[in-house]
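Undergrad: Assemble the complex: chain W is given as a structure, and chain F must be docked to it using the hints.
Chains W and F supply the protein sequences, listed in that same order.
Numbering-wise, our numbering puts 234 at position 234 of the first sequence, and it's gapless, one number per residue.
The number in our numbering is simply the position in the second sequence, starting from 1, with 435 added.
By construction, these hints were calculated from the structure, which means they are not laboratory data.
Taking lysine-lysine and the DSSO-like style, the derived pairs with C-alpha atoms no more than 27 Å apart in a straight line are: (1) F:489 / W:201; (2) W:68 / W:82; (3) F:489 / W:198; (4) W:206 / W:196; (5) W:416 / F:489.
A few chain F residues that face chain W, going by a derived Cβ cut-off under 7 Å, partial list only: (6) 442; (7) 444; (8) 446; (9) 472; (10) 476; (11) 477; (12) 498; (13) 500; (14) 502; (15) 504; (16) 533.
Computed Cβ-Cβ distance ranges for the label pairs, DEER-style: (17) F:576 / W:336: 50 to 56 Å; (18) F:565 / W:426: 55 to 61 Å; (19) F:577 / W:168: 43 to 49 Å; (20) F:466 / W:388: 22 to 28 Å; (21) W:398 / F:528: 32 to 38 Å; (22) W:280 / F:503: 50 to 56 Å; (23) W:388 / F:457: 22 to 28 Å; (24) W:177 / F:474: 46 to 52 Å; (25) W:220 / F:503: 26 to 32 Å; (26) F:539 / W:202: 47 to 53 Å; (27) F:498 / W:177: 25 to 31 Å.
Please read these numbers as outputs of a predicted model, since none were measured by experiment.
C-beta: ideal position from N, C-alpha, C; glycine also.
What follows is each chain in one-letter form.
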Amino acid sequence: MSKQYYQKEIETMPYEQMRALQSERLCRQVRHVWDNVPYYRSLMEEKGLTPDDIRGVEDLHKLPFLKKDDLRDQYPYGLLAKPLSDCVRIQSTSGTTGRRVVAFYTQNDVDLWEDCCARAITAVGGTREDVCQVAYGYGLFTGGPGLNGGSHKVGCLTLPMSSGNTDRQIQFMMDLGATILCCTPSYAAYIGETLKEKGYKPEDNKLKAGIFGAEPWTEEMRRDIEKSLGIKAYDIYGLTETSGPGVAFECEDQSGMHINEDHFLAEIIDPDTGEVLPEGEKGELVFTALTKEAFPLLRYRTRDICVLTRGKCACGRTLIKMTKPMGRSDDMMIIRGVNVFPSQIEAVLLSEGYSPNYQIVLDRVNNTDTFDVNVEMTPDRFCDTVKGTQEAEKKLVNAMLNMLGIRPNVHLVAPKSIARSEGKAVRVIDKRKLH
Amino acid sequence: MAIRQVSVFVENRKGALADPLRVLSEAGIGLRALSIADTSDFGILRIITDDNTKAAFVLSEHGYVCSVTDVVAACADDKPGGLADLLTTLSEQGVDVEYVYAFVAKTGNHAWVVMRVNDNTEAERILRESNITLVSEADIAAV
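Bound conformation, chain W alone (with noise of 0.2 Å):
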């Protein structure tokens, strides 16, 4: 394992500097928030607190939490710390209810995000001598931006492809050599994919290593994204309220991401009760930006629902980890009582030897749910009888029943009829109306 570091000093620093760290700008935070920000000044003083209640890491479970609905509510300016002449960057949600949250950034903010995913493109290897192809979107989606910037720290050539015309990402990755590609991992599949279908073999590309997030993904799809591409497929994640990606990457070891916790200080929280939980507990993640200028948010709730590790890695870094999100509180289906979250079909679907690109649509009728899942007909499972076919199908209804508790209604379609995803993948069309 090549024990690479972009910003060693920091990632490996031992755990008491680092806390030492932690606090001495959580401090500094907490007062620019404070001086900056009514909205959650008033919040702190609801709970009777001021600046100096926070004197370390060790207070931070003091501090009120900021949630979604506080960003939707205070949009644009309401959570602005800076004034705007200060501010050089946009970048927003794609978020279709509700108000987008629009997240600011001053010059320094930029730069230390793109510190973040240059720490994280490191991690996978890569160095000046790489060709980092970017097709994650540009725009005022982060993912584009943001490796994009880590990629010119690191040195990479890089290509700004952005996502989408897969034939010209192809051509350009093909061409151009590009040893590493960043973008969403539905997209990583789908140029897999459309690789194979123009007659490539794995070994034919020069890519080494992808780094993949922005929507939740298996083991199993990174299985077989390796396989397709004949990479190391690596996880990142970041959400626009932080900054973006970045916030947490994973390491050569692929066990889980670091978390750049000098900027992002992580807790696990009980979701229902607000409580926080010790190291190694499921729960609810929540950041505070230590060092965000624009938009600093502190304890925000993400929603996402995984484990804090620390330890000692493989690679060496000393970061604390966190696993891959095991599903979103706000992705995760209650299908007639039954907590269903979407990457669960997708593990069924790629151990039944199906195409991973499906589409769930729920309804209701007669106040009972109806649960159904559209599946692309593969080669391997087709046969010319019905009853070949047939049983086929329900081999996969039954492993989706034991994985789930509940029976979908599984319909065979035509390979490539669910719209493939050229950014994030629509993957659940609830007509339910439960909100």
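TA: Quick look at chain F alone, frame taken from chain W:
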């Protein structure tokens, strides 16, 4: 002697049948025999063409899920009971017929019957011994 049949997965929707047939015609491939099995969700289009290898290739290239299966084709007398006699011969000797479809040949007084059976070699042996003429892929292509 077994002949190749191309099966195609088709969705149960408007135009789903015409589309793959159009793909074949545009590739200059002629249909010789066709049958469809359908369920409420999907259908299986089974065809024999004048170039089955090319048909499977062209359909796959156009994104269709298809498979090539060996089936048995034989001549049945074009008279009432002709097909029934043929099938009885097979079933009496333990050959299972999964599905069957027939079409009337352009020449002579017989129909051509395509059968998907559990044992092609055995079915062919029985048919030969019963003096039933087997039909080859070349016979069908030449129509």
